[in-house]
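Enquirer: Line by line, the protein sequences are chains A and B. In short: position in the first sequence from 1, add 1489, done, that's our numbering. In short: position in the second sequence from 1, add 1489, done, that's our numbering.
Derived from the structure by calculation, the hints contain no laboratory data. Mixed in with the good hints, there may be bad ones.
Because identical chains share one entry, a pair is satisfied inside a single copy or across any pair of copies.
With a cut-off of at most 30 Å between alpha-carbon atoms, the simulated DSSO-like pairs for lysine-lysine come out as follows [said to hold, decoys possible]:
{"no.": "1", "residue 1": "Lys1602", "residue 2": "Lys1535"}
{"no.": "2", "residue 1": "Lys1532", "residue 2": "Lys1773"}
{"no.": "3", "residue 1": "Lys1773", "residue 2": "Lys1496"}
{"no.": "4", "residue 1": "Lys1702", "residue 2": "Lys1621"}
{"no.": "5", "residue 1": "Lys1702", "residue 2": "Lys1673"}
{"no.": "6", "residue 1": "Lys1673", "residue 2": "Lys1752"}
{"no.": "7", "residue 1": "Lys1504", "residue 2": "Lys1702"}
2 protein chains.
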Amino acid sequence: MSSISSKEIQIERAKTTKIDQVDFNNIDFGRIFTDHMFVCDFKDGKWQTPKIMPYQPMTIDPSARVFHYGQAVFEGMKAYKDEAGKVWLFRPEENHARINKSAARLAIPEFPKDYFFNGLHTLLNLDKDWVKPGMGNSLYIRPFVIATEPAISASPASEYRFMIICSPAKAYYSGKVRVLFAEKFSRSADGGVGFAKAAGNYAAQFHPTNLAKEQGYQQVVWTDANTHEYLEEAGTMNVFFRVNDTLITAPTNDRILDGITRKSIIQLAKDNHIDVEVRRVSVKEIKDAARNGSLKEIFGAGTAAVISPISAFEHAEEVFELPNIEDSFASIFKEKLLNIQHNLSEDLHNWRQEVK
Amino acid sequence: MSSISSKEIQIERAKTTKIDQVDFNNIDFGRIFTDHMFVCDFKDGKWQTPKIMPYQPMTIDPSARVFHYGQAVFEGMKAYKDEAGKVWLFRPEENHARINKSAARLAIPEFPKDYFFNGLHTLLNLDKDWVKPGMGNSLYIRPFVIATEPAISASPASEYRFMIICSPAKAYYSGKVRVLFAEKFSRSADGGVGFAKAAGNYAAQFHPTNLAKEQGYQQVVWTDANTHEYLEEAGTMNVFFRVNDTLITAPTNDRILDGITRKSIIQLAKDNHIDVEVRRVSVKEIKDAARNGSLKEIFGAGTAAVISPISAFEHAEEVFELPNIEDSFASIFKEKLLNIQHNLSEDLHNWRQEVK
């Protein structure tokens, strides 16, 4: 693949900034975008010269394949500002590797690493005032690729657009989350695209999640489509169970997203001598553990959600309320993660990357 | 829901027509569009006044949820012109019902029937010169809905766009098709969205289909994700098997699209006293039937493909070539269907609808 330096990105600066219109203390997730966006088109068999331009609507044909066949993948990342004003990314190489893994599964061309990182750093430098310091503040970064070729035959497109847009963020879920364990609906099949951050995986969850919301649950924890006996993930989060002092989470496979927060928590648990078991987790064992009191906590983990404690779950019309505990694993891991992300603690595994 | 008559559609006519630039004898499927398109936006909790305007690119925010979460469903229909110049649709009520069924599964608001039919008929009247008479000619019609709300939180959008675009068409697959029976990859899960014409279902098939193409197969016939022992559908077509003189096809369920061509063939078979079995079809029985000579034919059926004879299949690295037979069911049903669609034969079941 061709190589590109930051200097070769075509930059059109915004004439004015929108930043003064934003109340950073009251931010609805994903509705406000920074002054610039990164755009790179794929055509004639290769990625073209990338551009950074003022954030703006784009023009696209109604026959663009993304609208008809869902060829679209994305990533979720965050940038954090430390007290000295430096801006940091968290394990961004993992996001780049994963968007290409997602892309390959959807027959989308991979995006070159140097384009990705030069584009990302150049964009974040232009919009660095949008990254606010302080715990809980971050800039949510959304790289994504869509099929733009104007042709509605059901086959892979020959034209794509890779973009990065950025949105200032607070925590995604506020308060504790109540979840429903899926008994009928499924998120993904063996041999399917569940492991990919494919756009279609998300829309498929909205209706079952709406039904759960009507019952008072914010999220669904998906179970395996074959038997509905094993717990998998929550769609926007991987899920961890603490039974006594052991942390348990499902292994990744072709149905479950290989979450970066998930794997960071597994590493942090090991670093802190907490027993971690990565194995199939049955609905039955979690219900049994809830009944006998050994289930201490459940929490979700993901870039947008960070760590989201779960206060109750329902399965087979039985509701299990979880105890309030002190020194929860959820709170310990959240603090450790945020401290690393905000450059407040040592970075043993070289997870931070400074934006320069 | 509110009601709307054709007169209330806002119509902006194209100043010129593109029709003279089109070589109707050499048409690549889905790349050429007629002079007009139908557009109706959903916001503030309701569908707004529909518009017909010159076919053109549209402006959409990069944060529109369709790009990120795949909230998009569509339909495929065709219009046919008879020798008297009248234009006909085939079972369009089924398309309207199905797009709403697909929409409901993806938490997209349903589109009112009167909007759908008034829009469709008004659009086709404007562009009726694009429907060419003669067997094999048709106008492919693509109604679709996309989530347009500019906000990247993972939840159903509050704004959508419903559109109809039209593209002149010849047959979709030319020549016979060789297929691979899926052994590893899957199209959909129990409890998933396989029954819906959801955009994401299609992108998920592109990579496995590319791998099949590298082996010399144009299509994959999907098997159930749990066991890969039962044959389901081909992604853009339902699949029929003829064993001796019995026609067999899989029942629809939440993994398989309820194809309109499929159900029409089942009815035509009944009308013509051909035995039809709608039941699970195992890979094993089809391989056994191929070996003992009782498997006479396999064909795919769908709106775009009409009826597509399959000349060979591969499973577990074993290739089965199908015989060339005279008076194949595929050719019989294709002729009967096309004759009904083109107003050349009696329409026993009131499948035709004239465009007025």
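Enquirer: Is it within, between, both, or neither for Lys1532 and Lys1773, if the alpha carbons may be no more than 30 Å apart?
Expert: neither (51 Å within a copy, 44 Å between copies)
Enquirer: Give the relationship of Lys1602 and Lys1535 under a CA distance limit of 30 Å: within one copy only, between copies only, both, or neither.
Expert: Within. Shortest intra-copy distance 14 Å satisfies the 30 Å Cα cut-off; inter-copy 44 Å does not.
Enquirer: Up to 30 Å between alpha-carbons, please classify Lys1504 paired with Lys1702: within, between, both or neither.
Expert: For Lys1504 and Lys1702, the Cα distance exceeds 30 Å both inside one copy (43 Å) and across copies (49 Å).
Enquirer: Within a copy, between copies, both or neither: which one fits Lys1702 and Lys1621 at a CA-CA cutoff of 30 Å?
Expert: Intra 32 Å, inter 50 Å, cutoff 30 Å: neither.
Enquirer: Give the relationship of Lys1773 and Lys1496 under a CA distance limit of 30 Å: within one copy only, between copies only, both, or neither.
Expert: For Lys1773 and Lys1496, the Cα distance exceeds 30 Å both inside one copy (57 Å) and across copies (60 Å).
Enquirer: Since the copies are identical, ignore which copy is meant and state whether Lys1702 and Lys1673 lie within 30 Å (CA to CA) inside a copy, between copies, both or neither.
Expert: within (16 Å within a copy, 35 Å between copies)
Enquirer: Check Lys1673 against Lys1752 for me: Cα-Cα at most 30 Å, and say if that holds within a copy, between copies, both or neither.
Expert: So Lys1673 and Lys1752 pass the 30 Å test inside a copy (28 Å) and across (27 Å) alike.
Checked against the numbered hints given earlier, the structure breaks hints 2, 3, 4 and 7 and satisfies all the rest.
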